Amino acid sequence: MGELRRTELHDLHIARGAKMVPFAGWDMPVQYPMGVMGEHLHCRAHAGLFDVSHMGQVILRGYDVAARLETLVPADIQGLGAWRQRYGLFTAPNGGVLDDLMIANKGDHLYLVINAACADQDIAHLRQLQGVTVEVIDQSLLALQGPDAEPVLARLIPAVADLRFMDSRNVDWQGTELWISRSGYTGEDGFEISVPHDRARALADALLDQPEVALIGLGARDSLRLEAGMPLYGHDMDDGTTPAAAALGWSIPELRRNGGARAGGFPGADVILAELDAGPAVTRRGLRPEGRAPIREGVGIFAAAEGGAPIGRVRSGGFGPSVGGPVAMAELPADLSEGATVFAELRGKRLPVTVAALPFIQPHYKR
Amino acid sequence: MLKYTEDHEWLRAEGDEITVGITAHASEQLGDVVFIELPEVGREVEAGEEIVVIESVKAASDITAPVAGVITAVNDALADAPGDVNADPLAAWFFRIKPADAAAVDGFMNEAAYQALIG
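First to last, the protein sequences are chains A and B.
The working numbering applies: residue 152 is where the first sequence begins, and numbers increase by one.
The working numbering applies: residue 7 is where the second sequence begins, and numbers increase by one.
To be clear, the hints were calculated from the coordinates, so they are not data collected in a lab.
These figures come from a predicted structure and were not determined experimentally.
Where is the CB? At the ideal position from N, CA and C, for every residue including glycine.
Incorrect hints may have been included.
What the hints assert, rightly or not - Quick partial rundown of chain B residues pointing at chain A, CB under 7 Å, derived from the structure:
1) 37
2) 38
3) 61
4) 114
5) 115
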């Protein structure tokens, strides 16, 4: 284990009293003195600033680059409009998921944001593409999320108010070019902002100077995305989980499925598309425990209060501060109806939990 | 006068019972507490036995019986307001125990020793 990497805002985190933890090789803030619960609720009520500079940023260029990326990602990238962004998956030959990513069409190139833990592997994977140049971008990445994200950011950069959900744009801030998209990982409206390292602290300070904004750590980032029903790579899905089993089939449009104009042509297409045609046997479902006890990753789910083999397991779970109770996502039989009662085995006891719709909260995107 | 365990519990001897809670240091380390499961009144417990489950936003932990004895009371209000443990850890007691050995509490740390432990 080598030295942990530090983001450009490391000093800021320390100065603001962050508790730092190792995360995917980086020394990252898990919470600030406000605490996970307070930070979570602040983000849903006002605006939260997240340092997500550990995430990988990549630019792809080349003739027909969208078509070439489609050989790794089963999304409609050729049809992605200029200055629009879309969610996608890198798939594996066995049908599993190698990583999830955001893809933006920035006119003459594609801009990708990938998970920190998968970045090296993803970049090696991308470098196999013939005729595509892969540029790893060494910039800071901030996320500003919450109902006040637009008024806050528009005070610095009025043009951002024009962006809609999943729009992407390059804007000028005091002579610095920022790459902004209207997207995030909380279920709230908000922005993700790529900024050169030498201006990252100034931008963070300018945002934190505004009364609506508080710094939010990885702890609340996890509970926010969990309530929003968003999967976390390495937990809710991995290279042994197909897109349909992760309930991410929606990211594969008809066009790339059997019978579509550009069907297949990506790793694991046979397995992935056959499963989408037939419907998956298991998939990612929401769970609401009836009591207050959180059910966390690894907890077994059973059909009955006694006996029988597990029918699934929790892949991520915890307490949902906005829900006001525990929430979880589990891999479970796809034919279980919503509202059905199943049982989570916790400390030797089986506790009733209800199969629930995802997301657990109403998202607030500006479409 | 309060005594302290190495597991960051505070103990308050009152008559022939000991009231038990967790210290401010422990509540800060745990983070926001969201769930507490208390033992049944009347249960006979061994010293070191895990008798309380406490879950924070981060993780589940156990609280152990500091001494052998019988549980005489539990703070049921915590089940509905687990956050009280963060708001006022000295007021948010978990359980009362009647120790098998009346002198059992004497061996625990005093305030100065506990402060030295947590630095």
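Inset, instruction - Determine which of the earlier numbered hints do not hold for this structure and return their numbers in increasing order. - result: The structure conflicts with hints 4, 5, although it agrees with all the remaining ones.
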